[in-house]
Every structure is written in C-alpha cells, then in structure tokens.
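*Asks:* Residues per chain are reported as follows:
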Amino acid sequence: MLEIRNLHASVGGKEILRGIDLTVNAGEVHAVMGPNGSGKSTLAHVLAGRESYEVTAGEVTYEGKDLLKMPPEDRAREGIFLAFQYPVEIPGVSTTYFLKAGVNAIRKHRGLEELDAIDFLAMVKEKMKLVEMEQALINRPLNEGFSGGEKKRNEIFQMGVLDPKLAILDETDSGLDIDALKIVANGVNAFRSPARAMLVITHYQRLLNYIIPDYVHVIFDGRIVKSGGKALALELEEKGYDWLKPEADLAQQTVA
Amino acid sequence: MAQDRYLADFEQFEKNGAAKEPSWVHQIRKAAISRFAELGFPTTQHEEWKYTSVAPIVKVPFRPADYEPDGLMKESLSLHTLGQAACAQLVFVNGRYSPALSSLRSLPDGVKAGSLSTALSADPIAVEPHLARHASYQNHPFVALNTAFLQDGAFVSIPKGKVVERPIHLLFVSTAPFSSAHVRPASTELSAGFGSAQDRRGEAIVSHPRNLILAGDDSQTMIVESYIGLNNALYFTNVVTEIVAGENAVVAHYKLQRESEEAFHIATVQAHLGRSSNFSSHSVDLGGALVRNDVNAVLDGQGIECTLDGLYMVAGRQHVDNHTRIDHVKPHCSSRELYKGVLGGRSKGVFNGKIYVHKDAQKTDAKQTNKNLLLSEGAVINTKPQLEIYADDVKCTHGSTIGQLDQEAIFYLRSRGIDLEAARGLLTYAFASEMIGRIKVEPIRAQLEHLLLTRLPEGSQPAVLRSLVGEGTP
Numbered sequence: 008m009l010e011i012r013n014l015h016a017s018v019g020g021k022e023i024l025r026g027i028d029l030t031v032n033a034g035e036v037h038a039v040m041g042p043n044g045s046g047k048s049t050l051a052h053v054l055a056g057r058e059s060y061e062v063t064a065g066e067v068t069y070e071g072k073d074l075l076k077m078p079p080e081d082r083a084r085e086g087i088f089l090a091f092q093y094p095v096e097i098p099g100v101s102t103t104y105f106l107k108a109g110v111n112a113i114r115k116h117r118g119l120e121e122l123d124a125i126d127f128l129a130m131v132k133e134k135m136k137l138v139e140m141e142q143a144l145i146n147r148p149l150n151e152g153f154s155g156g157e158k159k160r161n162e163i164f165q166m167g168v169l170d171p172k173l174a175i176l177d178e179t180d181s182g183l184d185i186d187a188l189k190i191v192a193n194g195v196n197a198f199r200s201p202a203r204a205m206l207v208i209t210h211y212q213r214l215l216n217y218i219i220p221d222y223v224h225v226i227f228d229g230r231i232v233k234s235g236g237k238a239l240a241l242e243l244e245e246k247g248y249d250w251l252k253p254e255a256d257l258a259q260q261t262v263a
Numbered sequence: 007m008a009q010d011r012y013l014a015d016f017e018q019f020e021k022n023g024a025a026k027e028p029s030w031v032h033q034i035r036k037a038a039i040s041r042f043a044e045l046g047f048p049t050t051q052h053e054e055w056k057y058t059s060v061a062p063i064v065k066v067p068f069r070p071a072d073y074e075p076d077g078l079m080k081e082s083l084s085l086h087t088l089g090q091a092a093c094a095q096l097v098f099v100n101g102r103y104s105p106a107l108s109s110l111r112s113l114p115d116g117v118k119a120g121s122l123s124t125a126l127s128a129d130p131i132a133v134e135p136h137l138a139r140h141a142s143y144q145n146h147p148f149v150a151l152n153t154a155f156l157q158d159g160a161f162v163s164i165p166k167g168k169v170v171e172r173p174i175h176l177l178f179v180s181t182a183p184f185s186s187a188h189v190r191p192a193s194t195e196l197s198a199g200f201g202s203a204q205d206r207r208g209e210a211i212v213s214h215p216r217n218l219i220l221a222g223d224d225s226q227t228m229i230v231e232s233y234i235g236l237n238n239a240l241y242f243t244n245v246v247t248e249i250v251a252g253e254n255a256v257v258a259h260y261k262l263q264r265e266s267e268e269a270f271h272i273a274t275v276q277a278h279l280g281r282s283s284n285f286s287s288h289s290v291d292l293g294g295a296l297v298r299n300d301v302n303a304v305l306d307g308q309g310i311e312c313t314l315d316g317l318y319m320v321a322g323r324q325h326v327d328n329h330t331r332i333d334h335v336k337p338h339c340s341s342r343e344l345y346k347g348v349l350g351g352r353s354k355g356v357f358n359g360k361i362y363v364h365k366d367a368q369k370t371d372a373k374q375t376n377k378n379l380l381l382s383e384g385a386v387i388n389t390k391p392q393l394e395i396y397a398d399d400v401k402c403t404h405g406s407t408i409g410q411l412d413q414e415a416i417f418y419l420r421s422r423g424i425d426l427e428a429a430r431g432l433l434t435y436a437f438a439s440e441m442i443g444r445i446k447v448e449p450i451r452a453q454l455e456h457l458l459l460t461r462l463p464e465g466s467q468p469a470v471l472r473s474l475v476g477e478g479t480p
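Chains as they are written, first to last, in the numbering used here: chain A, 8 to 263; chain B, 7 to 480.
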C-alpha cells in the first residue's frame with residue numbers, strides 16, 4: 008500500500024529525514040519508534056502533506072500513485088488519515104461541522120452518495136461509542152478547552168468516522184494516563200482490518216502493549232536504523248535508544 | 007470649492023423651507039451651517055480623520071434629492087424588509103419618508119413612529135428637548151452638515167414602561183438615478199416603477215437622514231436601521247441618529263449597512279443613557295466605497311450597561327472606519343466593546359475606540375476588543391485604543407489583534423479532506439460568525455448568515471459552507 012524510498016526532508020532549511028525506506032502493506036500495523044528529534048513527527052507530516060516540510064529527495068508511492076504530488080485534501084480523500092500529536096484548536100468550528108464536510112468530500116471522491124445531516128449523525132453515534140466520546144464534546148469548537156485525553160480521543164474518533172485505508176498515528180499516547188490510553192487503544196484496535204494499514208509512531212513502548220504491532224522500526228537521526236518484530240520494542244524499552252547509535256553511524260557510513 | 011457648493015445649496019434649501027418650519031429648527035440649522043463653514047471638510051491632518059481621507063466625497067458635486075419617494079415599487083424591497091417580524095417598518099427613499107412603502111399596522115399603542123419631518127411641526131414638545139441636543143457638531147463637520155440640512159428621518163418615541171416585543175425597522179433605501187458617469191445600469195428590480203422617481207437634474211445625490219429615538223423610563227425596545235443601495239450607484243448618505251434611553255430602559259440598536267459599493271456613508275450614532283439603562287448597539291458594515299461610523303455613548307447615570315459590537319467585512323478597495331467613544335460619567339457602569347473586521351483585497355480598515363472615565367466614575371468596568379483578520383497581502387488595518395482614565399478605582403482593559411488565517415488550522419481541515427479554499431472560507435466564517443451570533447433579531451441574523459456565506463471563497467465545495475447554516479451555529 009505504501010512504499011517510501013530514500014525519503015529526504017527538511018524543515019526550515021534543516022535536514023531531518025535522511026533517507027527513509029519503508030514498505031507497509033494492507034492489514035499490517037507498523038510501529039515507528041525513536042528518540043526525540045529523530046524525525047518521527049516529520050515523517051508523519053510529510054506523509055500527510057504539510058507544506059512547510061520540504062521533500063528534497065526520494066519517492067513515496069501510495070497505492071501505486073505518487074503521493075508527494077498530491078495536496079493534503081487529496082491524500083485524505085484517497086484514504087490517508089493523520090492523528091496529530093498536538094491537534095490544533097479551532098475556535099468557532101466544531102468537530103461535527105468539519106467532519107461532515109470531510110466525510111462527504113471523501114465519499115464524493117469515492118463515488119458514494121453524500122450523507123445528509125440525519126444519516127451523518129446516526130453514523131457518528133456508532134463511532135462515538137468506540138472511543139467513549141460524548142456528543143457535547145464534538146459539538147463544541149474543536150479542541151477548545153479539551154484535556155489531552157479528550158483531544159487524542161477526538162483524533163481516533165475522527166479516524167473511525169473518516170474510515171481511512173492508511174492511518175498514521177503520531178504519538179497518540181503522549182500525555183495520556185493509563186485509562187485514556189486504553190480507550191484510545193481500543194478504538195485503534197477496533198479499526199484493524201485486512202484492508203487497512205497503520206503506522207503507529209511512538210516514543211514509549213507502553214502503547215505497543217495495547218496496540219500490538221506486526222513490525223517495529225527504529226528511527227534515529229532521520230533514518231530507519233533497525234527493523235524487527237514486536238520483540239524489538241521490548242528491547243528498546245529495556246535498553247533505551249543509545250545502543251543504537253553505533254548502528255546508526257554504521258548506516259550513515261554505508262550510505263556515504 | 008466644495009464647501010461653497012454645500013453652503014450655496016443650504017441657502018437654497020433654507021429659502022425653500024423657511025416659511026413652513028418652526029423657528030427653533032431654523033435656529034439649529036443656522037448655527038450648524040455656520041459651524042460647518044468654520045470647520046470645512048476634515049483632512050487627514052485632523053487627528054480624528056488621520057487614516058480616512060474624505061477627498062473622494064468632497065470631489066463629487068453631490069446635490070440633495072428632490073423627487074417623490076413613492077415611485078419605488080414595494081417588490082424591489084422584498085429582500086430587505088423584516089415583514090411580520092417587525093411591528094413597524096418605516097421606509098425612507100433617499101432620506102425621505104415614504105408612507106406608501108411603510109407599514110405601521112402593528113405598532114403598539116402609545117408608541118410613536120413616523121417621519122421626523124412631520125413630527126417637527128406636529129409634535130414639537132416631544133422633539134425639541136432632544137433634537138440636536140445630544141449629537142454635537144462642534145467638531146464634526148458631517149454632523150454639522152446633517153444638522154444644517156436635516157429634514158426627514160425617523161422619529162420614534164416609546165412611552166414609559168412600554169415593552170415593545172417586535173423590532174421597529176427603519177429602512178433607508180438609496181435609489182440614486184443613473185445619469186452620472188459613475189453609475190452602472192440599474193438592475194431589473196429597480197427599473198419597474200422607477201420612472202416617476204427620477205431626479206430631474208440627474209446628479210449624484212446626497213441625503214442627510216436624521217433619526218431621533220426616545221425610549222422612556224422602564225421601556226424596552228429594539229430598533230433596526232438598515233441602509234440599502236438598490237443599484238450600484240454613486241451617492242452619499244450622511245446620517246445622524248440620536249438615541250435617548252430613560253432610566254432603566256432597555257434599548258437594543260442594530261445598524262446594517264449594505265450601501266452600494268460605489269457609495270459613501272458617514273454616520274453618527276449618539277446615545278445618551280440614563281441611570282440603570284441597558285444599551286446595546288450592533289453594527290454590521292458590508293457595503294460602501296468609503297464608510298465612517300462614529301458611535302458615541304454617554305453613560306450619564308449609575309448602574310448602566312453598554313455594549314457596542316461591530317462587524318466589518320470589506321474587500322476590493324473598500325474603506326471602513328469605525329470610531330467609538332464611551333463616556334463613563336458616573337460610578338458603577340460597565341461597558342463592553344467587541345469589533346471584528348475581515349479585510350480582503352486591498353481594503354482598508356480603521357478602528358479607534360475611546361473610553362473616557364470621568365473623575366467620579368469609580369467602579370467603572372470597561373473592556374474593549376478589536377480583532378482583525380487579514381485575508382490578503384494588500385489589506386490594511388489601523389487599530390488604536392484610547393483610554394483616558396481620571397478615576398482611580400476602575401477596571402479597564404483593551405486588546406486588539408491583527409492576524410491571518412491560522413495555517414495549522416487550515417492544514418488540519420485539509421487533512422480531513424476539505425480543500426484549501428473551502429478551509430479558508432470555513433475559518434473566515436467562524437471568525438465572523440461570533441458577531442452574527444450576537445444578533446438577537448432572528449430574521450436579521452439569518453439574513454446576515456446567508457450574506458456572510460456569499461462573501462466567502464467557496465472553492466470547489468460550496469456545500470461545505472452552506473450546510474453549516476442549515477445546522478445552526480455550534
């Protein structure tokens with residue numbers, strides 16, 4: 008579904024991604040772990056199409072299409088969803104408002120009929136249960152006064168409603184207590200299917216106790232330096248990230 | 007020189023009306039025109055007009071209208087009336103009252119609403135104590151001009167204790183004729199039945215509507231002033247509205263300005279508020295080429311609550327200037343001001359909010375906020391709060407922001423499938439809708455919501471924005 012080849016990207020002139028290679032197939036859950044500043048979030052934003060991130064080399068193919076050529080709204084319509092690490096507040100615009108617009112834009116793109124208010128609300132009610140979302144919260148201006156947990160649950164709720172093929176979860180666990188974490192993880196797990204793929208970006212292994220990955224990749228200094236199964240996550244939990252530095256240097260030398 | 011033209015027109019005007027009017031009115035006129043002669047038109051050298059040049063107005067040889075207003079067909083106004091929602095609708099065409107187009111059927115007992123021109127001679131006892139006693143023309147040339155040329159407008163008087171459930175609508179329509187080179191062809195809604203209303207001299211018209219609203223003690227009322235230009239003509243509306251709120255009166259005032267985009271609109275609202283009264287004035291500026299509003303409230307009693315709200319949405323080369331002044335004269339009063347501007351194209355906005363807290367006005371609680379959204383590189387806003395505080399136990403805060411659409415928010419919406427233009431439109435709508443939400447007169451609020459939507463970029467998803475209005479505000 009997703010093929011990333013030698014992806015280089017910079018922000019503000021500074022190179023963050025230095026050659027990412029990654030392949031994700033439908034039905035798979037890939038975890039991407041790494042220390043702060045390694046490029047995890049940058050990867051997520053580049054895939055979602057944030058313009059301030061400049062791609063300087065490499066390719067990204069999504070379902071056979073050149074993803075980097077598509078504007079953010081087209082990527083969403085093609086089935087890519089990004090759950091933000093720090094979801095923005097939008098005063099005056101409630102989740103219900105823009106979500107309906109988004110849902111219908113995506114449906115239209117897929118050749119489906121648009122949902123009217125009643126059908127939309129019915130569909131939304133179902134999805135709310137998955138993340139224990141309250142109606143009141145989604146009628147309020149987006150993220151205004153939301154707690155960290157509420158913001159993250161809202162992201163997963165939106166994922167449920169928009170029904171993407173590829174979900175990128177950017178540190179969805181950061182700042183959450185165990186209870187909120189469990190709710191979010193339940194929502195994500197309920198979403199797993201052979202037709203969908205997920206990229207779970209996280210700093211801590213803890214989330215991966217609840218969302219069990221098929222593959223784990225470690226990103227260090229803008230490169231994926233090690234890949235493995237879920238056991239790799241436990242190894243990182245025990246040893247931290249420092250032991251990977253020699254491996255990272257090795258990888259850099261190899262490229263050079 | 008332009009000034010001389012106006013002075014000459016005044017002489018003519020005086021001659022025409024001299025016999026018929028009461029001498030007290032005549033005195034007021036003379037004093038006003040002589041003050042105008044002294045002041046002349048303001049230039050950008052004057053502090054109060056620093057960012058607003060009136061040269062475009064001074065350049066045009068405006069003449070007072072002199073034709074019958076009844077020729078206009080009722081149908082052409084259908085989009086702008088409040089219908090059953092209002093208990094009275096007074097229609098003025100180029101500043102003159104049109105009984106044929108107006109409706110007073112549901113006016114409650116005891117409430118007076120009608121032409122000021124009639125009231126000047128028929129009801130001087132009610133009018134004389136207040137007309138021109140509140141809006142000072144000493145330093146404001148356009149108020150002086152309006153006072154000199156005042157002739158017609160609305161006179162509304164609510165008796166003591168009366169609660170008027172439905173709003174009183176004052177609809178000012180400008181249907182300037184089309185002979186001037188500046189005027190574009192009239193729209194179809196205008197051409198039917200317009201023939202008889204054509205100004206023989208075919209020049210650009212100026213009107214000086216004068217409104218006087220008296221709300222008795224303990225009364226409650228809503229007044230809506232609408233200014234509409236029916237074709238894209240060049241004309242000049244120079245209006246003064248004086249509002250007097252008695253003790254414990256509640257007055258909600260709405261001013262909707264939708265003049266033609268070639269027109270000039272200079273307005274002064276002067277409110278004199280009595281003890282314990284509650285006054286709110288909401289203004290919406292959408293039209294006009296050059297617009298200047300002065301909204302002044304004098305809180306002349308204790309325990310008064312005053313709210314001034316404004317929304318201005320301009321684009322192209324429009325220029326809108328809002329000056330406000332709140333005088334806290336006595337203790338224990340509170341005032342709140344929120345003005346929001348949306349500026350696109352190469353438009354220019356000006357906001358100047360003055361708050362004067364007089365020496366004895368202890369426990370004053372005043373808050374002023376001006377927020378501006380610039381949608382394009384060429385749009386400009388000059389915003390300045392001015393606080394002069396002479397009492398020592400007060401709470402006064404002010405703030406102003408100038409910003410653009412939040413890029414993070416735009417990206418967020420795009421990442422949910424909404425295209426760039428629709429995302430910009432949605433965020434702009436959200437910014438402006440706060441002000442529309444404060445309008446309690448339902449048909450006006452709904453009308454404005456639709457107007458707001460038509461002025462937003464839609465991109466490829468007009469449904470995105472239209473569906474918002476259907477669902478109601480969050």
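Watch out, some of these pointers could steer you wrong.
Claimed, not checked - Each pair of labels, with its calculated beta carbon distance range: (1) B/H456 to A/L241: 54 to 62 angstroms; (2) B/Q392 to A/L128: 58 to 66 angstroms; (3) A/K136 to B/E414: 28 to 36 angstroms; (4) B/H456 to A/E61: 47 to 55 angstroms; (5) A/E141 to B/Q90: 36 to 44 angstroms; (6) B/D398 to A/E141: 42 to 50 angstroms; (7) A/E22 to B/E448: 35 to 43 angstroms; (8) B/D398 to A/L128: 52 to 60 angstroms; (9) B/G384 to A/D73: 42 to 50 angstroms; (10) B/G384 to A/A129: 27 to 35 angstroms; (11) A/E141 to B/H456: 39 to 47 angstroms; (12) B/E448 to A/K189: 41 to 49 angstroms; (13) A/E141 to B/H404: 48 to 56 angstroms; (14) A/G20 to B/H404: 51 to 59 angstroms.
No lab work stands behind these hints: they were computed from the structure. Please read all numbers here as calculations on a predicted model, not as lab measurements. All C-beta atoms in this analysis are idealised placements derived from N, C-alpha and C, irrespective of residue type, glycine included.
*Asks:* A separate judgement is required for each hint: does it hold in the structure or not?
*Replies:* Okay, the hints, checked on the actual structure:
1. B/H456 to A/L241: 54 to 62 angstroms: 59 angstroms, holds
2. B/Q392 to A/L128: 58 to 66 angstroms: 48 angstroms, violated
3. A/K136 to B/E414: 28 to 36 angstroms: 30 angstroms, holds
4. B/H456 to A/E61: 47 to 55 angstroms: Once the Cβ atoms are compared, 41 angstroms apart, the range 47 to 55 angstroms for A/E61 and B/H456 is violated.
5. A/E141 to B/Q90: 36 to 44 angstroms: With a Cβ separation near 39 angstroms, A/E141 and B/Q90 satisfy 36 to 44 angstroms, so the hint holds.
6. B/D398 to A/E141: 42 to 50 angstroms: 47 angstroms, holds
7. A/E22 to B/E448: 35 to 43 angstroms: Violated, at about 57 angstroms.
8. B/D398 to A/L128: 52 to 60 angstroms: Given a distance of about 55 angstroms, which is inside 52 to 60 angstroms, the answer is holds.
9. B/G384 to A/D73: 42 to 50 angstroms: Given about 35 angstroms between the Cβ atoms, the range is violated.
10. B/G384 to A/A129: 27 to 35 angstroms: 46 angstroms, violated
11. A/E141 to B/H456: 39 to 47 angstroms: 31 angstroms, violated
12. B/E448 to A/K189: 41 to 49 angstroms: 46 angstroms, holds
13. A/E141 to B/H404: 48 to 56 angstroms: Violated, at about 37 angstroms.
14. A/G20 to B/H404: 51 to 59 angstroms: 39 angstroms, violated
Violation of the numbered hints given earlier is confined to hints 2, 4, 7, 9, 10, 11, 13, 14; the remaining hints are satisfied by the structure.
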